[in-house]
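Can you make the complete structure from the sequences, with help from the hints?
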Amino acid sequence: MRLPKFQYKSPATIDEAIALVSEAKGDAVIIAGGTDLLPSMKQRRLTPKIVVNIKRAEDLAYIKDGENNVRIGALTRLSSIEESDIIRKKFPMLAKAAGEVGVPQHRNAGTIGGNLCLNTRCWYYNQSAFFRTCRPVCYKFGNEEDKCQLFPTREGKANVCYSVFSGDTAPSLIALKTEVKIKGPKGERKIPLAELYTGDGKRPLALGWGDILTEVIIPDPPAYSSGCYLKYRIREAIDFPLVGVAANIVLDSKDGICERASVVLGAVASRPVEVTDAEDILRSNKITDDLIEEVSEAAFKAAKPLSNLHECSAQYRKRLAKIFTKRAINSILSAISQS
Amino acid sequence: MKELIQLKVNGQAYEVAVNTHHTLLEVLREELSLTGTKESCNLGECGSCTVLIDGIPVHSCLTLAVEAQGKDITTIEGLAEGGRLDPLQQSFVDHGAVQCGFCTPGMILAAKGLLKKNSSPNEAEIRKAVSGNLCRCTGYVKIVDAINAVATK
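Quick note, the sequences are listed as chains A and B, same order. Numbering-wise (this note's numbering), the first sequence opens with residue 1 and increments by one. Numbering-wise (this note's numbering), the second sequence opens with residue 1 and increments by one.
It should be emphasised that the hints constitute simulated quantities derived from the structure, not laboratory data. No residue lacks a Cβ here, since even glycine has one placed at the ideal position from N, Cα and C. A hint or two may mislead.
[Stated by the list, open to error] Beyond 12 angstroms from chain B on every Cβ pair, some chain A residues (computed):
(1) Met1
(2) Ala12
(3) Arg154
(4) Arg203
(5) Glu259
[To be verified] In silico PhoX-like cross-links for lysine-lysine, where the CA-CA straight-line distance does not exceed 25 angstroms:
(6) B:Lys142 with A:Lys55
(7) B:Lys128 with A:Lys90
(8) A:Lys9 with B:Lys142
(9) A:Lys9 with B:Lys128
(10) B:Lys128 with A:Lys49
(11) B:Lys117 with A:Lys90
Structure representation (structure tokens):
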């Protein structure tokens, strides 16, 4: 299986890369680790005319422990995050999430920027070129008039793409209130990571042509806080999550009142899903089993996964979201009380 | 479009005109005739194309050849020195960890990458290090034993 032909560019500066991609519009893609992009190109899901390597442009592979935050360059390898002492100490949930992406070979090549900008997936879209020769073109692969093949759009209704965002690191980072720096043709901007995701499976990222995610900024964890990421998959390696639950809780003291809580679900929609009720239920309260039950029920309602395997129906995945939320919060509480 | 690049494979320098859309795997096998690196799924799922780049195991099928320029590439051909097998290779032979042999180069390089980082890994760490390498003869126990024997020596 060869890659389709393309023009390869390796600009010396990030501004040059931005200019190249913004001029080419949809004809150019950015390559970092390549572990998500190249399989898609081999299967001819993506056939860009130009591939722009940004690894030479600027040194974006770093983990910097600042005064009140940790900054991670977008080109930092997932394995470096998994093994970083700073990340392990301050954000163990992120180290764990990064360490559960794919297999070691993916993590040695794949970057944090790439994992956050992962394309959405579904069992119809993520097939081979051969598969597509005998099936109708779907909305994500094709044009505006092509229909989603999982849930064909009814006459007169707008098309919807239900493909799933399966990144492992995004739920944890959103739970940690991370911001990302984006450089583009109009300059540099900083947005909350949650706003990077549109929720539209066809265009999952809120990035314009030429926009490049350059840095991930995570605020330092407060004193009595902890996080937990739990991932469900069939095999212990390589699989994307069938459900991912990231939770982060801040208490005012050991065994104290909850000041902040966030629960973010992965792989249950076209974007990471924040369980907004979690904060309302837990804040200003001492966390009890009843409240945990209530939060996990909210997670159950917020999760809208697809059935995509015989062994794993949508209902089963919804229930997993509930159980994992409960487990995550319990493990956070015991981590804080033992700290 | 072709580009002239310098590759350093197993300590030897090569100058190759490569197609920019060719992967490192294709260049190793087709241009340099280093067919020890195996091609199987070609999508980064099976691990049989694993090579070391600067000592770190990666999928050569998901690495563009042009991006391997200036890096130190090690393939299975580069492990034996002066006709003597690398301890890992010898251990695979001794433990019967080679069955059909197709996954072996990837397995050994993934293990090599682990041992470079951590010379005395435990079994869990070994299993994690080769979790990206599939063996369809399913001889995993012997493979883990073979790596373990080198690790604890």
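Outcome of the hint check:
| no. | hint | in the structure |
| --- | --- | --- |
| 1 | Met1 | 4 angstroms, violated |
| 2 | Ala12 | 14 angstroms, holds |
| 3 | Arg154 | 35 angstroms, holds |
| 4 | Arg203 | 24 angstroms, holds |
| 5 | Glu259 | 36 angstroms, holds |
| 6 | B:Lys142 with A:Lys55 | 39 angstroms, violated |
| 7 | B:Lys128 with A:Lys90 | 24 angstroms, holds |
| 8 | A:Lys9 with B:Lys142 | 45 angstroms, violated |
| 9 | A:Lys9 with B:Lys128 | 35 angstroms, violated |
| 10 | B:Lys128 with A:Lys49 | 37 angstroms, violated |
| 11 | B:Lys117 with A:Lys90 | 23 angstroms, holds |
Violated hints, in rising order: 1, 6, 8, 9 and 10; the structure is consistent with all others.
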